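Residue numbers (this note's numbering), protein chains in the order written: chain A, 58 to 483; chain B, 56 to 249.
Think of the hints as simulated: they come from the structure by calculation, not from any bench. Note that the structure is a prediction, hence the values are computed from the model and not measured. Virtual Cβ for every residue (Gly too), placed ideally from N, Cα, C. Heads up, some of the hints might be wrong.
[What the hints assert, rightly or not] Here are the computed distance ranges between Cβ atoms for each label pair: (1) A:Glu302 x B:Arg138: 21 to 31 Å; (2) B:Lys212 x A:Ser92: 25 to 35 Å; (3) B:Met221 x A:Gln445: 54 to 64 Å; (4) B:Ser68 x A:Ser66: 27 to 37 Å.
Each chain, letter by letter, is given below.
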Amino acid sequence: MSDRLPGFSTLAVHAGAQPDPTTGARATPIYQTTSFVFNDADHAASLFGLQAFGNIYTRIGNPTNAVLEERVAALEGGTAALAVASGHAAQVVVLQQLLQPGDEFIAARKLYGGSINQFAHAFKSFGWNVVWADPDDVASFERAVTPRTKAIFIESIANPAGSITDIEAISTVARKAGMPLIVDNTLASPYLIRPIDHGADIVVHSLTKFLGGHGNSLGGIIVDAGTFDWSTGGKYPMLSEPRPEYHGIRLQETFGNFAFAIACRVLGLRDLGPALSPFNAFMILTGIETLPLRMQKHCDNAKAVAEFLAGHSAVSAVNYAGLASDKYNQLARKYAPKGAGAVFTFSLKGGYDAGVNLVSKLQLFSHLANVGDTRSLVIHPASTTHSQLDDAAKIKSGAGPDVVRLSVGIEDKEDLIADLEQALST
Amino acid sequence: MNHDAYPDNYIRSILNSVKSIAMVGASPVNVRPSYFAFKYLAQRGYDMIPVNPGHVGKDLLGKPFVASLRDIGRPVDMIDIFRNSSHIMPIVDEALALDPLPKVIWMQLGARDDAAAEKAEAAGIKVVMNRCPKIEYGRLSSEISWMGVNSRTLSSKRPPAPTQGMRLSLNRMSVGGGETAASDRAAKNKSEQS
Ligand SMILES: Cc1ncc(COP(=O)(O)O)c(C=O)c1O
Chain A
58 MSDRLPGFST
68 LAVHAGAQPD
78 PTTGARATPI
88 YQTTSFVFND
98 ADHAASLFGL
108 QAFGNIYTRI
118 GNPTNAVLEE
128 RVAALEGGTA
138 ALAVASGHAA
148 QVVVLQQLLQ
158 PGDEFIAARK
168 LYGGSINQFA
178 HAFKSFGWNV
188 VWADPDDVAS
198 FERAVTPRTK
208 AIFIESIANP
218 AGSITDIEAI
228 STVARKAGMP
238 LIVDNTLASP
248 YLIRPIDHGA
258 DIVVHSLTKF
268 LGGHGNSLGG
278 IIVDAGTFDW
288 STGGKYPMLS
298 EPRPEYHGIR
308 LQETFGNFAF
318 AIACRVLGLR
328 DLGPALSPFN
338 AFMILTGIET
348 LPLRMQKHCD
358 NAKAVAEFLA
368 GHSAVSAVNY
378 AGLASDKYNQ
388 LARKYAPKGA
398 GAVFTFSLKG
408 GYDAGVNLVS
418 KLQLFSHLAN
428 VGDTRSLVIH
438 PASTTHSQLD
448 DAAKIKSGAG
458 PDVVRLSVGI
468 EDKEDLIADL
478 EQALST
Chain B
56 MNHDAYPDNY
66 IRSILNSVKS
76 IAMVGASPVN
86 VRPSYFAFKY
96 LAQRGYDMIP
106 VNPGHVGKDL
116 LGKPFVASLR
126 DIGRPVDMID
136 IFRNSSHIMP
146 IVDEALALDP
156 LPKVIWMQLG
166 ARDDAAAEKA
176 EAAGIKVVMN
186 RCPKIEYGRL
196 SSEISWMGVN
206 SRTLSSKRPP
216 APTQGMRLSL
226 NRMSVGGGET
236 AASDRAAKNK
246 SEQS
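Construct the complete structure from the given sequences, taking the supplied hints into account.
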């Protein structure tokens with residue numbers, strides 16, 4: 058036994074997992090069961106009352122999912138985590154713990170389009186009001202704070218254009234205003250950026266993307282940094298006040314620096330219900346074991362592809378923070394020195410028609426609405442995900458008619474470049 | 056001792072060596088954290104003594120309440136204080152008057168009194184502040200991993216199949232696990248502010 062701290066790749070393989078005590082199985086078993094037998098009535102009561110550690114029902118927790126949770130918590134440097142059915146489910150569960158009807162949260166304007174929809178429309182019907190701020194203008198977050206603001210939400214590397222957010226600067230705003238900073242770290246993964254090291258209080262992921270990494274399983278996760286004091290001022294009653302659902306337990310007082318993750322489990326997941334299938338948890342766990350290798354290759358390939366595109370005569374602009382000339386290169390060097398991720402956009406001189414033509418000519422890149430697969434992916438937002446917006450709104454959200462988004466995979470970069478070359482020249 | 060971040064081996068050696076624990080502020084109300092911790096530690100084989108002057112004459116899970124540390128009438132290895140920071144000093148003074156002295160004074164999650172800790176440490180007593188022994192036991196045994204908590208331990212060894220009420224091994228660490236430095240820093244900043 059030593060005090061040596063293991064490295065990231067060791068945690069990616071080992072954290073949370075141990076040989077199965079009953080069978081000796083070394084890979085994490087898939088506990089494909091809905092429920093778990095109690096030892097006796099007292100044990101059942103202890104588990105339901107949150108007095109004992111253990112399993113009850115897979116909507117509240119599952120041993121395969123628990124390995125995934127501890128693994129991601131360790132990789133992010135958090136105190137605990139909760140896995141849920143999708144990235145979107147993670148966002149609902151997090152905000153349900155923080156907002157009451159009529160409350161506000163501030164969100165960066167540059168977000169995954171699905172998150173913009175969720176915040177602007179679905180959450181509005183819950184009475185949770187989003188106030189948008191510009192991630193390139195930190196003061197816009199400060200100006201957006203009101204007495205009803207309960208949280209700030211940003212993406213570390215923002216979808217779709219791969220821009221880098223100044224997490225530390227925005228965390229300072231959050232701390233001053235006495236509210237938690239939530240960072241969606243999906244596009245970076247903890248291999249590239251650990252937002253908790255830069256002041257995040259809560260990290261969320263769509264595990265569907267780089268963490269799972271193989272385009273085969275949906276999932277989401279919430280990581281508690283254990284940094285926020287929920288007890289002050291009665292601002293976060295889900296954590297600080299006696300909970301009637303649990304006979305008057307106060308979660309912060311009982312669970313200390315992982316109370317937020319417990320709240321998400323016992324008040325969010327239990328009651329809203331978006332549980333992750335243990336089979337998906339197993340697939341995602343297997344993916345995470347190779348995260349460091351994949352993520353490096355994704356980034357190296359993305360940089361090579363971005364450089365190729367930047368030099369191509371049919372291309373008018375490339376937005377990749379890994380390019381020295383990019384607006385976000387300074388921030389990329391600070392926050393993501395190993396690589397600026399693998400999702401970025403570029404613009405075609407030929408406009409809308411050239412975009413449609415490109416996606417139809419590509420042979421290796423798959424035309425679909427996802428990112429973070431081993432395979433290279435392409436989408437023309439203006440004719441797909443953003444087609445419902447008018448041109449002005451398309452341009453504002455970084456999805457103008459001439460814009461194409463890539464998610465660069467882990468194939469041989471020469472093949473990816475050759476594919477783009479043939480598609481751009483026909 | 057640096058009370059902002061304890062090495063696992065420090066906590067491990069305490070939980071491996073103490074046998075009897077007097078819990079000051081133990082509550083018979085089954086949603087209070089002290090009740091949770093009392094019950095869990097009793098199930099893991101510790102000899103638990105509930106101390107609470109408001110409940111003398113009653114018992115907690117079969118153990119009779121005593122009014123104060125003085126009234127225990129036998130040596131105890133560890134005092135676990137379930138009181139606010141402002142009530143710590145008199146209890147530590149009382150513990151320092153015991154003969155023999157306890158080996159460990161433990162202050163619960165949220166409780167911290169650096170002056171009291173210094174006094175106890177000067178008398179050769181080990182001190183832990185702002186931690187829960189149930190959580191630490193669950194963490195070092197990795198039992199707490201069922202709740203998605205970062206146990207900060209790793210092991211490639213096959214653990215024994217668990218049986219009801221068994222004492223769990225706290226020595227499963229082959230190397231340290233993931234750290235939670237940000238949380239430790241936040242706790243330190245909070246204690247410096249107050
Ligand atoms: C940055 C980001 N956050 C959240 C999500 C939503 O995740 P899911 O599709 O798993 O619900 C996505 C999906 O594309 C994403 O790219």
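Verification of the supplied hints:
Remark: the range hint 21 to 31 Å for Glu302 (chain A) to Arg138 (chain B) is upheld by a beta-carbon distance near 27 Å. Distance hint check: the CB atoms of Lys212 (chain B) and Ser92 (chain A) are about 29 Å apart, consistent with the given range 25 to 35 Å. A beta carbon spacing of about 59 Å between Met221 (chain B) and Gln445 (chain A) agrees with the range 54 to 64 Å that was offered as a hint. Between Ser68 (chain B) and Ser66 (chain A) the beta carbon distance is about 30 Å. The supplied range of 27 to 37 Å therefore holds.
Comparing the model with each earlier hint shows no violations; every hint is respected.
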